[in-house]
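S.K.: Take any residue in the sequence shown, count from 1 to its spot, add 966: that is its number in the numbering used here.
It is possible that part of the hints are untrue.
[Claimed, not checked] Below, computed lysine-lysine pairings styled on DSS-like, alpha-carbon distance capped at 25 Å:
# : residue 1 : residue 2
1 : Lys1099   : Lys1207
2 : Lys1207   : Lys1102
3 : Lys1016   : Lys974
4 : Lys1160   : Lys1099
5 : Lys1249   : Lys1207
6 : Lys1027   : Lys1249
What the hints contain is simulated information worked out from the structure, not anything from laboratory work.
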Amino acid sequence: MIISTASKDDIGELTDLWQTCFGDDDDYIGAFMRSRFVPEHTLIGREDGKICSALYLLDGKVRIAGEAFDAAYLYAACTHPDFRSRGYMGELLRSAESLCRDSGLDYICLVPAEDSLFDYYSRFGYRPAFEEKLLKIDRSHLELIADGNAEIEELTAENMQTVRNACLCGIDCFVWDIDALQYAIDENANAGCKSVAASSSGRSSAYALFDEEGETAIIRECAARRGCIPVLAHALLSASKCSEFSFRLPLDFPLSADSFTTRNNAMLLPLNADSESALGDIKNAYMGLTLG
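Working from the sequences, and respecting the hints, build out all of it.
M.R.: Dropping the structure here:
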């Protein structure tokens, strides 16, 4: 396999590979290619001149103990079914590590698509570094705490960034720039999901991106300013008629239930001595948005 960075001329082949591996439609993939595809940050592997494996490196930052580290988010890594079990993805991962290290980045972050892949990625130096709290809350409970005076507003990248920064202030986390947040809003809509935001006293205070499966609203990401959980509750109740709400939250997020579970959901690969040392200080880190 020959590995290189991509070019704009590869978009057609990359789209076909994405469809084969993930099953998304042209509109969904096209939105990513228009908004987030950067050829020099995309690694491809070719066999007999055809792209058989690919991964995308998206810009971001990792905040640990108040310090921001430059990072890449490794996204949509895939190999065509006809070329799997040949070690091709491992070769791409090693190339991504070299590319990011040469670019002066501190970390590569990724979210394994399934639990078994934690072991796979650990073979390449990735370590579990982010956790999330999973809980379900009945509609009746949200009705008890909801702030009926909150005002519903459109979710924009600007108010999303404002609320997200306020919510995650002081929390170790992966930080997305405003362009990534806009893509997250668009991707959520392209996937057929819903979004809602709400303000209190004229200030943007809460938002949620969510899907609905039967009577359960699956919260893909939510955030609220300190003291604004009632605003978030009002927003969700206004946007969904579901009887149950399933949350993925930072471990320190001040929303609780009678029972909850925690799980690792993302990994980091340190690329230099400083980022290696900083991993010793990471605590209750939150990944949140995965852009897909």
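S.K.: Hint by hint, say whether it matches the structure.
M.R.: Each hint tested on the structure:
1. Lys1099 to Lys1207: Status holds; Cα separation ~23 Å.
2. Lys1207 to Lys1102: Holds, at about 15 Å.
3. Lys1016 to Lys974: holds, 15 Å
4. Lys1160 to Lys1099: holds, 21 Å
5. Lys1249 to Lys1207: violated, 36 Å
6. Lys1027 to Lys1249: Within the cut-off at roughly 16 Å; holds.
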